[in-house]
Amino acid sequence: MSFARIGSVLILLSAVVGCLPQGSRPGARLSYTSGQSGNIGVGAAALPLADFVYPEDATLRQDRTYEVVDASGNLDRYREILWADGTGQFSLEIAGVAEDGLPSFSAPDAFWQSSYLTRQRYLVHYRDFRIHNENQVRRNYTWSELPGTTTMAGRNCSRYLAESVYSLGSVEFVMDQQSKLILGWIRRDGAGNLVCQMSTDALNETPNLSGVVWSQAIAPEQEYNGPPDDNLLGFSPNPVIYYPAGFSHGVQRIILSQVTYGSQIPNLHLEVLRDGLVNIMVAQQLEVIGGGGAFPEIIIAREAEIGGIRVMEGDVQSIRTYVIGSLPSQELLAVLGAMN
Amino acid sequence: MNDNIRPLPAELEAELRALGDVQAPAELWHRVSLSLMEEVEAPDELWERVLPEVEAASRPTTPIFAFPRLAAAAAVLFLVTISFVASGFQPTAMNSSASMSSHDALRDYYASRVTAVSVTPDQLSPSARGLAASMGASIEVVR
Chain A
13 MSFARIGSVL
23 ILLSAVVGCL
33 PQGSRPGARL
43 SYTSGQSGNI
53 GVGAAALPLA
63 DFVYPEDATL
73 RQDRTYEVVD
83 ASGNLDRYRE
93 ILWADGTGQF
103 SLEIAGVAED
113 GLPSFSAPDA
123 FWQSSYLTRQ
133 RYLVHYRDFR
143 IHNENQVRRN
153 YTWSELPGTT
163 TMAGRNCSRY
173 LAESVYSLGS
183 VEFVMDQQSK
193 LILGWIRRDG
203 AGNLVCQMST
213 DALNETPNLS
223 GVVWSQAIAP
233 EQEYNGPPDD
243 NLLGFSPNPV
253 IYYPAGFSHG
263 VQRIILSQVT
273 YGSQIPNLHL
283 EVLRDGLVNI
293 MVAQQLEVIG
303 GGGAFPEIII
313 AREAEIGGIR
323 VMEGDVQSIR
333 TYVIGSLPSQ
343 ELLAVLGAMN
Chain B
33 MNDNIRPLPA
43 ELEAELRALG
53 DVQAPAELWH
63 RVSLSLMEEV
73 EAPDELWERV
83 LPEVEAASRP
93 TTPIFAFPRL
103 AAAAAVLFLV
113 TISFVASGFQ
123 PTAMNSSASM
133 SSHDALRDYY
143 ASRVTAVSVT
153 PDQLSPSARG
163 LAASMGASIE
173 VVR
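Chains A and B supply the protein sequences, listed in that same order.
Counting with the numbering used here, you get residues 13 to 352 for the letters of the first sequence.
Counting with the numbering used here, you get residues 33 to 175 for the letters of the second sequence.
Isolated chain B, as found in the complex (with noise of 0.2 angstroms):
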């Protein structure tokens, strides 16, 4: 058994078994739920109560770290650097699979923070057709 679970205060164990055989509501459920699956702001009462204990669990650190998601682009770069540092910053066929496999992550990584939806050359703006055509694209697009 699981010491950090401590008994319901009587008070409320009591209050809930005087429900009888009432249903939760569908919202607790999807409160719940929804809790599990993100990030759901606690109550400032709950912040404050818990406050201290983290205060004293934790060591101070940089803020921006925080984000995991710039953790984890932290972690890539990292990666990435070291690969091509170790490479003499050279493609050869020894070393550069290392190297690009490392790039190849940092890649998909920045691509997947882009939800790209495929239109056809008319559906660019004339500023995008534009600057297409400038670069080669066939030119028929910016009629």
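Okay, chain A solo, but in the shape it has when bound (with noise of 0.2 angstroms):
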């Protein structure tokens, strides 16, 4: 039988296979289990998550620390500063650097606070960890409470250890008892090697915010809607095709840099992909004037890890693709392979 048979005869399984409703497939089941003995995620789809207060909704002064492991392996630390007026509103700002693992901090230089200035919104949003979707969380990691009681911030804490169920990493969230804010989280991979971590050294829930000045979007954003705002990008974006184990499509934007850097930074179409914890990112865009040369019709990608978090950068049809994440290179390559 040619391969065309057999992928048409496939195709015409898949989608009768694929009508089929709920109930009538074999071995379909209303829960949600985790496989992993004294984890509360045994039958998960009845159980609360823990109940998180994340720091950019309350109402808050939290000095932190983020730390990343860099290109060379060495620990960069970052402390933070983090205002939030209760209502949505948030302030990012760096108050000290420590690169390669120097163990004292400097001031952070112009270079630096120009940085959080116009990336704090990413920040906040892609970089720092919360639970986006509790259902996702229960079907694509094991949930369980760690024992013990730590101190954070003078603090007494638990701690929530979430594995992913395909051995794609690990987050760790660290939890004030009595408020049930979020203090601090530890990003591991599927190794168990650490990739961040936020912690936090200081907290006033009862600040002064006058003076503080908000975060607002450096560049407008809008949710993108199809064809009709493909001119805004200059080109059809190309839809993700492969989702790592768990993840799912996200809400597709437009980031309008043209606006704020005129024609030498193109818009850009970002799509993130959650597996209800973890994101990655998806983005395209117009070829950048003088960003690094143009790439054959195949796709040919360069690829840069950065301590744990991965960055794929290829043309997909003459597309400029960037996919980053913190999960393996092979999972973020067949991300950016599928679209072609």
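Hints in this document: simulated from the structure, not taken from any laboratory.
Being a predicted model, the structure only gives us computed values, none of them experimental.
Honestly, I wouldn't trust all of these hints.
Per label pair, the in silico range of CB-to-CB distance [unchecked claim]:
(1) A/Pro159 / B/Asp136: 33 to 39 angstroms
(2) A/Ser248 / B/Gln155: 26 to 32 angstroms
(3) A/Asp213 / B/Pro158: 31 to 37 angstroms
(4) B/Ala130 / A/Ser116: 50 to 56 angstroms
(5) A/Ser191 / B/Ala130: 41 to 47 angstroms
(6) B/Val149 / A/Ala231: 40 to 46 angstroms
(7) B/Pro158 / A/Gln228: 33 to 39 angstroms
(8) A/Ser222 / B/Asp136: 51 to 57 angstroms
(9) B/Glu43 / A/Ser330: 29 to 35 angstroms
(10) B/Gln155 / A/Gly223: 22 to 28 angstroms
(11) B/Gln155 / A/Asn86: 15 to 21 angstroms
(12) B/Asp136 / A/Ser116: 42 to 48 angstroms
(13) A/Leu158 / B/Ala130: 29 to 35 angstroms
(14) A/Val263 / B/Asp136: 39 to 45 angstroms
We put the CB at the ideal spot given by N, CA and C, even for glycine.
Need the complex rebuilt from these two chains, each delivered in its own frame; the hints are there to steer you.
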């Protein structure tokens, strides 16, 4: 039998099976299981995950430290101050820098201040961890409360561990037992290696917020509504075809960078894939002038590993495409390769 | 003996024998080798000659499935779909291994379509570095 016939038959069968009602599928069950003894994830569909309060949603001044492994394997540390007013407004400032494993912090120069000014919203929305979708977390992670009590910023805290059932890493949360506020998190890859972590050094829940300049999007953003918006991009974005296990599509947005930066930085199509906790950023734009040269039509990608965060950059049908996340390279390459 | 092999036309055989010890040019062997390794477009004359037989022997198919890569992808996708349906979309220890092996095959298939060249962070484009920094990558790379 030829490939053509096999393909046709399989697609037809796939469509028929996909149309079966849920109840008629063999083995269909309503509850989710984690398969890990001792975790509260067993039958977790009916069990709530921890009821977290996230710093950017609270009213506070949070002095904290963000640590990330750099490309050389050293730990870079950044002291940050997060201000939030409880209504969704927040500001993330940088207060100190200690790169390459150096023990002491130095005052941030203009570069660092500018870097945080332009990226603070992305750092809070895409870098910092939070539960985006409880059902996805129940499906994709085992969820357990670690024994004992730990102290952070003078608060008694509980620790919760979410481990990917697909061996794609884990996220550990540190939660203030009294306020349910998330004071820290640790992201590890599938091999258990540290990718990045955040911890709280000091907390003030009745801060003086006068004078705080709240973050605003540096470039305007809007939801991408399909082909009618393609004129803003200058191209039709390639759809994401392959999703790493447990991941699903996210809201597609257009970042109108040309409004802020002019034609040197073309507008960007952005989609963030999520598995409930972890993000993968997929961005597409017309090739940036002076941005590293053109690629041929076959996908030849630049791949860089910055600590545990990996970057794939290649041209897919003449559209510069970026896939960025803390998953293994093979997963990110598949996302990129399937877009061609 | 294979009955499908027909003897050369007498005129052509005579011409070949008349070449004596003359060796075939290397290009000929290269082209023959190439045609064995990959698809080479046949001359129009040949297509015209064999087209009636091809049409008679084949059934109509959807053109998209004439591509072996797409057919292979369809087969992998089907296996993934079946695996997920059979498992009730639940990654339990019992059934996750089968569905994951299918998913891994799909991942490896798509990943194989990319040739990745490892570079240092400073060899990425400014946009790539900026996006990576927004995801929390060590921010020194955007200097």
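For each hint, the structure was consulted:
1. A/Pro159 / B/Asp136: 33 to 39 angstroms: holds, 34 angstroms
2. A/Ser248 / B/Gln155: 26 to 32 angstroms: Hint holds: Cβ distance 29 angstroms, inside 26 to 32 angstroms.
3. A/Asp213 / B/Pro158: 31 to 37 angstroms: holds, 32 angstroms
4. B/Ala130 / A/Ser116: 50 to 56 angstroms: Hint holds: Cβ distance 53 angstroms, inside 50 to 56 angstroms.
5. A/Ser191 / B/Ala130: 41 to 47 angstroms: Holds: the Cβ-Cβ distance is about 44 angstroms, inside 41 to 47 angstroms.
6. B/Val149 / A/Ala231: 40 to 46 angstroms: Given range 40 to 46 angstroms: violated, Cβ gap about 30 angstroms.
7. B/Pro158 / A/Gln228: 33 to 39 angstroms: Distance hint for B/Pro158, A/Gln228 is violated at roughly 22 angstroms.
8. A/Ser222 / B/Asp136: 51 to 57 angstroms: holds, 55 angstroms
9. B/Glu43 / A/Ser330: 29 to 35 angstroms: violated, 53 angstroms
10. B/Gln155 / A/Gly223: 22 to 28 angstroms: violated, 41 angstroms
11. B/Gln155 / A/Asn86: 15 to 21 angstroms: Cβ of B/Gln155 to Cβ of A/Asn86: about 19 angstroms, so the range 15 to 21 angstroms holds.
12. B/Asp136 / A/Ser116: 42 to 48 angstroms: holds, 45 angstroms
13. A/Leu158 / B/Ala130: 29 to 35 angstroms: Holds, at about 31 angstroms.
14. A/Val263 / B/Asp136: 39 to 45 angstroms: The hint (39 to 45 angstroms, Cβ to Cβ) is violated, given that A/Val263 and B/Asp136 are roughly 28 angstroms apart.
Hints 6, 7, 9, 10, 14 from the earlier list are contradicted by this structure; the remaining hints agree with it.
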